[in-house]
Each structure stands twice: as C-alpha cells, then as structure tokens.
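Given chain A, work out where chain B should sit, using these hints.
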Amino acid sequence: MAEFRTPDQDSARFRRRVVVAALFVLVCFGLLAARFYYLQVKRHDYYLTRAEDNRIALLPTVPKRGTIVDRNGVVLARNYAAYTLEITPSRAGDVEATIDGLSEIIAIEPRDRRRFRKILEESRNFDSVPIRTRLSDEEVARFVAQRYRFPGVEVQARLFRDYPLGATASHIIGYIGRINQRDVDRIEERGDTANYRGSEYIGKAGLEQSYEAELHGQTGFEQVEVNAGGRAVRALSRAPAVPGSDLELTLDIELQKVAEAAFGKRRGALVAIDPETGGVLALVSTPTFDPNLFVDGISTQDWKELNDSPDHPLLNRAIFSAYPPGSTFKPFMALAGLTTGKRTLGYAMADPGYFNFGGHRFMDDRVGGHGMVDIHKSIVVSCNTFYYQLANDLGIDAIASFMGPLGFGARTGIDLPGEAEGVLPSPEWKKKRFRKAELQRWYGGETISVGIGQGYNAYTPVQLANALAAVVSDGRLFRPHLVRNVLDAHGVKRPVAPEPLRTIALNPAHVAAVRSAMVDVNKSGTGARAFRGAPYEAGGKTGTAQVFSLKGGKYVEGRVSERLRDHSWFIAYAPADKPKIALAVLVENGGFGAQSAAPIARRVIDYHLLKSRADQPADEDADAVESDE
Amino acid sequence: MSDYSVHVLEVARRLLRALDPVLLLVLLTLMGYALVIMGSASPERLDSQLLHGTIALLSMWVVAATPPQRLLGMALPLYLLGTVLLVGVDLFGEVSKGARRWLDIGVTRIQPSELMKIAMPMMLAWFFQQREGRIGLREFIVAGLMLVVPVGLILVQPDLGTSVLVAAAGFYVIFFAGLSWKLIVPVALVGIVGIGSIVAFGDTICQPDVDWKVMREYQKHRVCTLLDPTQDPLGKGFHIIQSTIAIGSGGISGKGWQNGTQTHLSFLPERHTDFIFAVLSEEFGLVGTLVLLATYLLLLVRGFQIALMAPTLGTRLLAGAITMIFFTYAFVNMGMVSGILPVVGVPLPFISYGGTALVTLCLGVGILMSIHRSRTAKQP
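Top line first, the protein sequences correspond to chains A and B. Residues 1 to 629 in this note's numbering are what the first sequence spells out, letter by letter. Residues 1001 to 1380 in this note's numbering are what the second sequence spells out, letter by letter.
Isolated chain A (complex conformation) (with noise of 0.2 Å):
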C-alpha cells in the first residue's frame, strides 16, 4: 500500500516534523519575549505607579475635636477614649455568620445589629463598621483570646463624644452624629473633602454644627505600605494631625440649670444676654434632650420618641419659634411714640376703656378703662387703649422702621443653626407674604392690633431679649452669640469681639421713662407679685401671646384646654440702674405673663445677681399647666 513508507522515509519526515515543532516553539517564544518587553519596557512606567497604587496608602489621622466649656470651665462637651468592635465586611466573609459567632462571646443587642446594618448600607465594602461600642475590658480581653476564629474584626481605640451634663443645655451644645450622605455632599461643596477623610462624625446641632470648622481641626496624613489585605505594614511618612479649638462660652452652665429647673415641665423658653457684650449667659428651651443618643447613631424607638413627641423636644424654641410678643411690645411702642415726636413725656390721654377704629370697638382688658394714662401708666397698667391710639397715630410704616433696626423680625446672628426670621408686619411683607390681591392690601385696623403686640406680629425669644438688651445699653444692638473664645491647638486664644452691630439713636430722656416705668411694673405694676422682695431693682414687662381668638365670648383661662391656652410673656433686666442681664421669657400656654413667665425671669435674675437658688422647684407654678379643669 502506497500509504506505507520506508523507515528513511519516516525518518526524513519525522526531521521534517522535528523543524516545523521547532519552528512553532521559536514562534511562541518570540511571542512571549515580545509580551515580556511589552509589559516591561513599553508600559514599564504604568504598571510601577499600578504597583505603587497597590502598595501605598494615604492614611488619614483623624484629629481629637475640641472641646466645649462654659464661662467658669465647666465641661459641657468633650472626648473619651473606648473601645469598639468591627467588622470589614470586605474582609469578614459571611457578615451576618461573622456577628452571630460575635456573639457567643460578646453581648451584641438587636439595636446593634440594627445600627451596624443601618451603617453598612450607608458605608463603602472596605470600611470597617463597628458593631458594638464601649466594650468593657473584659470583653476586649475575650475577643482577643479568639481573635483567630474571626477575619476581618478587630478592636479599635476610638474616641467618642460625651456630654457630661445630659439634657442641660443640650439645645446650645447640639451634637454630633455620624456623616450621612447629606453632609457629604456639603463637605463636598464647601471643597472639604480631604479634612474629612477619614472623619466619621460631624456636628448636627447647636454649637457642635454652628463651630464644625473650628471643633474639627485639621486630619493629618499617614503614608503607609499596605499588604493586599488593606493592613499597613510600615509607616514611610506622616503630617500629624492638628486637634480642633476649644471652645469656651459665654455661657454660665449654673445660671442655665437655674433656668431649665424653673421651668419645670412647662414648655417654653428663655434667653439671657449681657447688654454690654451681646453674650449669651443662658438659653433655654424645653424640653429638652439627651445629646448623648445621638452619638452612637440614634435608635429608631429613641429617634421616633423624641420626634413624635407633641412637646418636640428637639426644637430650639428660644431661637426657631415667632410668637407674637403681647405687652412686652409696649415698651418698643412707647419708645417709637417718643422718638417719631407722636408722643411726648407730657402726653396724656383718657382712656373710655376701648378704641374705636372703622366701625371696630377694640377692647381694653379693664372695662370703664384706666382714667387718665400716660406714657409711664400705659407700661405699669399695661393699657391697650393707649397703644390702640399710638398705633393708629404712628401708623405701620412708623412702626415698622422703628422696630425694624432693633432687630425685630430679622435674624439676630446668633452663632447657632436654624434661627428664624419672625414676622415684623408692613404692608411690604404682607404683599410679599400673601398671594391674593385681597389678602395683600394692608389695613388700619390690623396696624391697631399689632400696636399692643398681637396680629401678624411674630418674633422669637432671642429677638426679644435682644432688643431689649439695645434698648437698655444705650442703643447698642450685638449679634447676640454663645462663644465668648476660640482656643486652638498652639494655645492662640481668638476673642469673640462684642462689636455692636449698630447703635440706634434714642433719646436718653426718652429710655429713662421707659425704663423707669418698667422698674415700677415689678413694684406695682403686673410684675409686682414675682419680685415681692427683691434686693435689688429690676425692670420689666409681662405679655399675653393670643393663641385662640374666640369670637365674641371673653378669654376665661379654665375653658380653655391647655394647648389653646395663652402664651405667657416676661421681659426683665436687672439691676435697673446697670443691666448686667437682659432677658425674655416665654411660656407656652402659660396663660397671662405675670403668673408664669414673671416668676421664671424672678429666678434666674436672682441666681445671676445674688448666686441664690430657689429653695422649692418650679412644680408649683406648672400646676396650672398641668390640670386641665
């Protein structure tokens, strides 16, 4: 058969064959030599900066965030150390395998499981997340004894925020909690990003908020050679990491308790500043909170309790919520009467006991009236008739560029987040505030209403006390603020400068009236009864914020149920010659001032003047509060 051939022949084929296997193998060779100078001389400089991608790590160190200390140093916001476990899921395996053997040897709640998820969905693979805080020593201990069993975990030193004083204060100190996509995306615009690498808290509230950029300090950086497993082997560089300033407050934390004890369960709020310096010695609002649930990444079941609440615990009254001001505008009135010339000291009307405007009868709240009453009457006895008629001369637009530069209806300044404006009416804001054609036109007897405090007016605590601060320290206006010196970390001490905003030209003559009858409304007037006794002389003036209208029937306190109920209004300063302080307060549904706001400003001027504290709580006045008869 042809097929079959000669051993030559097979062997001169098979050399055949031996030089084609060679050639093949010279031709795969060539190509691997020619991969081996592609990658290696061609694309050389790629893969090294690959390799030096993989090998090296930016490590940030996140700084120690300042401290927060009241006026007398007491602590009110600071850092501990503790331990906490975690996880990188990237590195752990089964997460969920990972935490349950977790917990054989460590107590790991529901609540933490719920947080470390709620963190992981927020947080990229390769974060370590913690799934439990605070360890005790002895857990620490156990952990590591089985370390072994769990890649992936470990036990890191952390620092944590504490606010040692709880509840107290809680609206100015605020907190932190941990950074959620929507502070990532400020970081992100205010170009902060790489301060914040690294940074796992940031301020939410308060003073931690408003001071995020002086509490934070500066991350530094460690450059580090890690193994493929994330781990830093060694360290090659670093630029430590700059801790945040201190701050320390103009805040006296004793006067803050005196202030949150004498409101008791009430709601409300209240806000003390030196006149002299805009400083802000006490600032309330009730209730209040504990800061510290916040820290760890608040629980749903706390997060609802403290949301859902009707109280709602979490707004700052003192600096968010307008209420119109009542009597405690009459003093502004009477000022705006004698410096636009409408009034003069002299001045002295008879009072029928109403007004009467467009076909309106405007009621005083004594009927037959107060007989003759003048500037000084009018503040003691709190005569509306008198500001009906004032208001009616003055007209709004009189009003309102008066009130305007004391501050009313604007934000003050005030170096805490979320302040509101209010609502200082004119024509103009009602044509910007309404819609309608019909709804805004201004009309003559609303300018009536809002001369006694009542109508569209709207302004928030610290508005109040704030003007009434100007008006007692010669027309001097501050950005009323909380932070009295910035500390940083070289031990520089930054003074908040009490620059006035502006001064306001009144009258000397025309601020002793005023003033004199407002130190004779806490001797025989409406603020008689709450400062029976003082040793010293205090100016002051009640209000009654109207929160129901009823039409027609007159206000009796008892039917009303007590979410209807008035607001009840104080402004006081004190000593009536100096001012040291200057304050407004404000009770919700307290009815009429004098009965439970008085008493309020009566203690906290005392604790300020005299370092003396109420021996009894405040209970007694909250009775009124609390039975609904």
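Any given hint could turn out to be false.
Said to hold, decoys possible - Some chain B residues close to chain A (C-beta under 10 Å, calculated; not the full set):
no., residue
1, W1102
2, I1247
3, L1265
4, P1269
5, L1286
6, G1320
7, T1323
Stated by the list, open to error - Sample of chain B residues lacking proximity to chain A, with all beta carbon distances greater than 10 Å (derived):
no., residue
8, T1029
9, G1088
10, L1308
Source of the hints: derived by calculation from the structure; they are not laboratory data. Ideal placement from N, C-alpha and C gives every residue a C-beta, glycine not left out.
Frame of chain A; chain B shown alone:
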C-alpha cells in the same frame, strides 16, 4: 583492588554515564533558579523544595539508567493502570476544591492524571513502534481513541489544565508519527476560528446567564476573565491583573531579590506555585525572564537533538513528544501569567513548588537521557 570495589566502580561509571551532561546542567540551572526564587517567594518552603528536587533527581537517574526499550515495554501496563485509576477517581475519588482528582489507595493519596502525562506519550510511542512500517489511517484512528479516553476521564474530574497537557502529549506523538497535514490543518483552523470567535463575541457569551454547556462554570470564568480581566478586578480577574502589574513593574532589571512589592505584600496570588513566574519577573525584570526563556530553549534544543539522534521510531517519537511537553508547560504557564492565555492550572516547569509535577518532569528528562544513552551505546 578487590573484585567487589571494581564492581562498585563499574556500576558507578555506568550510572554516571547514564547522565547527559547538557541536560543535567540545564536541569540544575533551572532547579537552582527555582531555589533562588523560592527563597524570595516562600522561604519556608525551601527545605521541602530541596527534598522534592532530590527525589526527582534520583527518580530521573533511575530512569536514565534504564534502557529505553525496557521503558517502552512498561508503556502498556502503565497506560492501562492509569486508565483504570482514572475511572476509579471518577467513581470514588476525593473531592478537593470542587474537583475530584485524588484517589485514596490506603497508604497515600495519588493523582492518576499526573501519571498519564508520561504514560500517554509512552503508550502511543510504543503503539506506533509496534506498527512500524504499517502506519496508516487506521493506526491514527486507534491512537486517537487511546488519546481521547483518558483525556475525557480527566476532563470530567474536572481538570482542564491537566487534560490539555495530556491531550497535547498524545497529540505530539501522533504529530511526529506523521499525521497528514490534511487532517492537522482543518483541526487547527477550527481551533483558530473557535478561539477567534470566542474573543470576538466575548462580551455576549460571558454574560452570567449564558450557559456554555461544554464547559464548567469555572472554566467559562477562566476564559471570560482572560478576555477582560477588568470585568471583576477583585474576583476572578484579580490574579491576571496583579501578575501583569508584577511583571510590568519589574522593568528591565527588576526590583531586586526579595524586594518585589507585589510579591511581598500579598498582591500576587499563588506566588509559590502557578504564578511564581511573576515573582521572577518582578524581582529580576526582563533580564531574568529572558535568562529563563533561554534556559528553556536550551532544554528544548537538546531535546530535539536527542529526538533526531534517537535509534528507533518509538524512542524518536517519545523524545520529540517529551520535548514538546516541556515546551507546552513553559509556554502555557508564562502565557497565562503574562495574560495572553487563559488561567489553567499548569505549573512553571522545574520552578513551581510541588513534588508531583517536579518528579513527573524529571522522569521525562530521565527518559530523554535514557534514549540518548542508547544511541551513544550504539555508536561509541
């Protein structure tokens, strides 16, 4: 001198003559190179690597001292034993890493597919030798069947890497035996077109819901990863990306012994076994890789030389096939580590850590030496 000592000297001379100096030199160079690299990649394995090397060299020596015809005579029993064991593995084998590859024979665990790497070319070489002068289409068909059965058994374990190597070993014998180009060319064309279309349509066929039917999920992954390693950089593609970075970052002269960052910071997977070539490339650079390539080339040249001088058809085919097996190991491993071939489990010959593969390879060298000695014995 006593008769006894004369006898010992004679035996020693015979044993020494059994060793081909060129092959021995190449082998010792490679194994020395391996120890240097292992000293960086995994120093704690140096001792056992030395032990493996010693065992492998002794086995090689024994084989080298055995006449080639005696070796070929063992082909059929080895082949049959291997096939039976492979059936046993498929039925009763131990599962490890998702594949059934090991057989527990009481004393120890053995991997019969490893035996086939040598038994297969021996069997086919022996078969063609038996049919010398009568080799026709029928012989090639029979050889094809003898090749397909064990390869199939290994493929279902599943072990793609080993089945490729065994198939290649058998194919080389058939190729050297003179299989018509009319049959080789179409098969090669089908292969090129097949691979070409896989590369061209890689995006669609690599979708997770596409079932490849002929390949296991992990094999599909290996092919798809090769097509686009960046698809899943922390998963399957991680190996190739990191080994490419290691090779590329080595540059011309390398980062220096024990200074490879990819190696020592654990970015490189399997750094002492299948990916040891990347360690070498990273630390010794292009110079180191070309030295290795040249050494392999020397081994292959000597292998072809021995094949061309081999006395009989069987030894000729066997020598040619074994040489090409060495080439295949080297090419497939370096190709996969540098990212031009899919990741299949093929070690870098004489370098990668692992006793079984080293012994198998050295047995191959022993066979080459045995064949070479039988030729020199004929023409003193």
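In terms of Cβ atoms, is chain A entirely out of 10 Å range of L1308(B)? The claim breaks: L1308(B) does not keep its Cβ more than 10 Å from every Cβ of chain A (closest is about 6 Å).
Can T1323(B) be said to touch chain A, with a Cβ gap under 10 Å? Holds, because the Cβ-Cβ distance from T1323(B) to chain A comes to roughly 8 Å (cut-off 10 Å).
Any Cβ of chain A at or closer than 10 Å to T1029(B), or is the non-interface label fine? holds, 17 Å
Mind checking the CB of P1269(B) against every CB in chain A and telling me if the closest is under 10 Å? Where the cut-off is 10 Å and the nearest Cβ of chain A is about 9 Å from P1269(B), the hint holds.
Holds or violated: L1286(B) as interface residue toward chain A, Cβ cutoff 10 Å? Result: holds, 4 Å to nearest chain A Cβ.
Chain A contact restraint on I1247(B) - CB to CB distance below 10 Å: holds, 5 Å
Is the hint on W1102(B) kept, meaning its closest Cβ partner in chain A is under 10 Å away? violated, 26 Å
Regarding the hint that G1320(B) lies at the interface with chain A, is the smallest CB-CB distance below 10 Å? holds, 6 Å
Can we trust that G1088(B) is non-interface, i.e. its beta-carbon lies farther than 10 Å from all of chain A? Answer for G1088(B): holds, closest chain A Cβ roughly 34 Å.
Under 10 Å, Cβ to Cβ, is where L1265(B) needs to be relative to chain A, so tell me if that hint holds or is violated. Hint holds; L1265(B) Cβ to chain A Cβ min 4 Å, cut 10 Å.
The structure fails hints 1 and 10 (numbered hints given earlier, in ascending order).
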